[in-house]
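Here is what each chain is made of, one letter per residue.
Number of protein chains: 2
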Amino acid sequence: MKAKIKVTLKNGVLDPQGKAIEHALGSMGFSGVNGVRQGKFFEVELAETDKAKAEVMLKQMCEKLIANTVIENYAIELA
Amino acid sequence: MKAKIKVTLKNGVLDPQGKAIEHALGSMGFSGVNGVRQGKFFEVELAETDKAKAEVMLKQMCEKLIANTVIENYAIELA
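Heads up: the protein sequence lines correspond to chains A and B, in order.
Residue numbering for the first sequence follows my numbering, beginning at 11 and increasing consecutively.
Residue numbering for the second sequence follows my numbering, beginning at 11 and increasing consecutively.
It is worth saying that the hints were derived from the structure and are not from the lab.
Some hints here could point you the wrong way.
It does not matter which identical chain is used: a pair holds within one copy or between any two.
As a list, the in silico PhoX-like pairs of lysine-lysine whose alpha-carbon atoms are at most 20 Å apart [stated by the list, open to error]:
id	residue 1	residue 2
1	K50	K16
2	K63	K14
3	K63	K12
4	K29	K14
5	K12	K29
6	K16	K74
7	K50	K29
8	K74	K29
9	K50	K14
10	K50	K63
11	K16	K61
12	K20	K50
13	K20	K69
None of the values given here were measured: they were computed from a predicted structure.
Next up, chain A with everything else stripped away, as it sits in the complex (with noise of 0.2 Å):
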């Protein structure tokens, strides 16, 4: 079964990398962007075959390793 995790900063959190990003974009000649927020992408392959089953499990490797659930946001999307 596969599994995609988005995680996201919480909204406050400062993002030094998408505001780099936003003047890069805005010296580039990209006009009317305003605002670039980054997050981290995972693609997870898991053995489990079980709906249910996998979406504990993934909170679970969320809340203890990939996510930092004090500024960040996670979500998961089971295919």
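Since the structure of chain A is already known, use the hints to place chain B on it.
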């Protein structure tokens, strides 16, 4: 207009960061993890309101700055 961009490594491109996460999950007791690939995720806020124009602009941004098209694929999603 908000856009989401996913940047993922092409098939066949080595992903040591993903491999490290895979091994870490294994040693933390998560069994049945057959693969992890890490990518990047961007949220872009555009002043442009025309969907077609925004898509053209986002494609150019990806080709020129956000993705390295030699080793990465990108997917644009307009909300």
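TODO: Go through the copies and call it for K74 and K29: within, between, both or neither, with a Cα cutoff of 20 Å.
DONE: For K74 and K29, only the inter-copy Cα distance (17 Å) is at most 20 Å; the intra-copy one is 28 Å.
Open item on the list: One pair to classify: K63 and K14, alpha carbons no more than 20 Å apart. Within, between, both, or neither?
Closed with: within (15 Å within a copy, 28 Å between copies)
- [ ] At 20 Å max between alpha carbons, let me know whether K12 reaches K29 within a copy, between copies, both or neither.
- [x] Classified as between; 16 Å across copies, 32 Å inside a copy.
- [ ] At 20 Å max between alpha carbons, let me know whether K16 reaches K74 within a copy, between copies, both or neither.
- [x] The answer is within: 15 Å in one copy meets 20 Å, while 23 Å across copies does not.
Task: Same-copy or cross-copy closeness of K50 to K14 [CA-CA at most 20 Å] - done: both (11 Å within a copy, 12 Å between copies)
TODO: Evaluate K16 and K61 at a C-alpha cut-off of 20 Å and name the case that applies: within, between, both or neither.
DONE: This pair counts as within: shortest intra-copy Cα distance 18 Å, inter-copy 24 Å.
- [ ] Tell me, please, which holds for K63 and K12 at an alpha-carbon limit of 20 Å: within, between, both or neither?
- [x] So K63 and K12 pass the 20 Å test inside one copy only (13 Å; across, 33 Å).
Task: Alpha-carbon proximity between K20 and K50, which holds within one copy, between copies, both or neither at 20 Å - done: The answer is both: 13 Å in one copy and 16 Å across copies each meet 20 Å.
TODO: At 20 Å max between alpha carbons, let me know whether K50 reaches K29 within a copy, between copies, both or neither.
DONE: both (16 Å within a copy, 15 Å between copies)
Open item on the list: If the cut is 20 Å between Cα atoms, do K50 and K63 qualify within a copy, between copies, both or neither?
Closed with: Neither: 24 Å inside a chain and 26 Å across chains, both beyond 20 Å.
Task: Alpha-carbon proximity context of K20 and K69, limit 20 Å - done: Cα proximity of K20 and K69: one copy only (17 Å, versus 26 Å across).
Task: Intra/inter-copy verdict for K50 and K16 if alpha-carbon distance must be at most 20 Å - done: For K50 and K16, the Cα distance is within 20 Å both inside one copy (6 Å) and across copies (9 Å).
Figure legend: structure checked against the earlier numbered hints; the only hint not met is number 10.
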